[in-house]
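J.: Since chain A is already given, all that's left is putting chain B on it; use the hints.
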Amino acid sequence: MRSAEGRGRTLDEAVDAALIELGESRRNVDVRVISEGPDETLVEVVVIDQATGPSGAASPTNGKAEAARALVEGLLKHMGVRAQVTVRTGTDPITLDISGRDLGGLIGWRGETLRALQSVTNVMLGRNLAEGERVIVDVERYRQRREHTVREIALRAARQVKMTGDAITLDAMQAFERRAIHLALQDDPDVGSSSIGEEPDRRVVVGPRKPAST
Amino acid sequence: MPGDRAAALRIRKAIALVNAVADGAGDEDLTPTEIAEAIRDCLELREIEQGSNVRKYLGEALDATSDGMPADFVAMTLYAALGALGESWSED
Numbered sequence: 001m002r003s004a005e006g007r008g009r010t011l012d013e014a015v016d017a018a019l020i021e022l023g024e025s026r027r028n029v030d031v032r033v034i035s036e037g038p039d040e041t042l043v044e045v046v047v048i049d050q051a052t053g054p055s056g057a058a059s060p061t062n063g064k065a066e067a068a069r070a071l072v073e074g075l076l077k078h079m080g081v082r083a084q085v086t087v088r089t090g091t092d093p094i095t096l097d098i099s100g101r102d103l104g105g106l107i108g109w110r111g112e113t114l115r116a117l118q119s120v121t122n123v124m125l126g127r128n129l130a131e132g133e134r135v136i137v138d139v140e141r142y143r144q145r146r147e148h149t150v151r152e153i154a155l156r157a158a159r160q161v162k163m164t165g166d167a168i169t170l171d172a173m174q175a176f177e178r179r180a181i182h183l184a185l186q187d188d189p190d191v192g193s194s195s196i197g198e199e200p201d202r203r204v205v206v207g208p209r210k211p212a213s214t
Numbered sequence: 001m002p003g004d005r006a007a008a009l010r011i012r013k014a015i016a017l018v019n020a021v022a023d024g025a026g027d028e029d030l031t032p033t034e035i036a037e038a039i040r041d042c043l044e045l046r047e048i049e050q051g052s053n054v055r056k057y058l059g060e061a062l063d064a065t066s067d068g069m070p071a072d073f074v075a076m077t078l079y080a081a082l083g084a085l086g087e088s089w090s091e092d
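Protein chains in written order, with my numbering: chain A, 1 to 214; chain B, 1 to 92.
Treat each hint with caution, since some may be false.
Derived list of chain A stretches under chain B, where covered just means 3 residues or more per stretch with a C-beta under 8 Å from a C-beta of chain B [claimed, not checked]:
#1 121-127
#2 163-176
#3 199-209
Simulated DEER-style distance windows between Cβ atoms [unchecked claim]:
#4 A:Gln186 to B:Ser66: 28 to 36 Å
#5 A:Thr164 to B:Asp67: 43 to 51 Å
#6 B:Ser52 to A:Val123: 17 to 25 Å
Think of the hints as simulated: they come from the structure by calculation, not from any bench. Every residue gets a Cβ at the ideal spot worked out from N, C-alpha and C, and that includes glycine.
Next up, chain A with everything else stripped away, as it sits in the complex (with noise of 0.2 Å):
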């Protein structure tokens, strides 16, 4: 797996940093902090594995990946979307992509089409799959990329909420989207995030984080 260390005055001038060595474009790696002060940021970026093979079968050993890849490329023939289902490797759950040309009627409204999508691939693997394992399904990277965005938009509002003391309420978003958010301010000493409101309009609160108490 490829990394590589950017340093700057910001974040983003690190992630530059790092991206124009490693050669790669933002949407395709991946980004942690490892330390971040008044004068200097230090980040890791790693490029995320994409290495799945040209015919986009799934590695022998893994008879779910597969049942799963082919199940969705029928599903897609049947809906007359042509586009091509590789399985991605290295990653718990299984997820699968989905590639081609104007998939945006795939992904739907808020990744609403693509999120009832792999619903049914779920339903219709559940024989196949173990209690509480599931499949995720993403297309062209749609859900990878809001994950990545989202990261990033907890990183700076960590920054803020270390600047200034004062909580952020981020936009309503999914449950993939908060976990995303939630899991990139975990290990953060200073600053924690909790969600507030209902479903739909469920939002995150970056806020810094109470000590403990005694």
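T.: Quick look at chain B alone, frame taken from chain A:
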């Protein structure tokens, strides 16, 4: 069609609740009762015609919730209700 829009909003709210359970953000503790309440809220709308497919799918989603079916199954049935609502618009 403000009534239909209200119905779509309520169904979307129920879907969001079910998806939150399935995706597990880890920031809420939703019970099947809350999901059932959201589906019943949809069924209470007068705009959803008796005997329509929308009502049928909502009823199935409610039954699936009570039977403890997986969240994805409930979500799929609610998506079907939303789809049927969309079809009823196009028929108008």
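J.: Run the structure past the numbered hints and jot down the numbers of the failing ones, going up.
T.: Violated: none.
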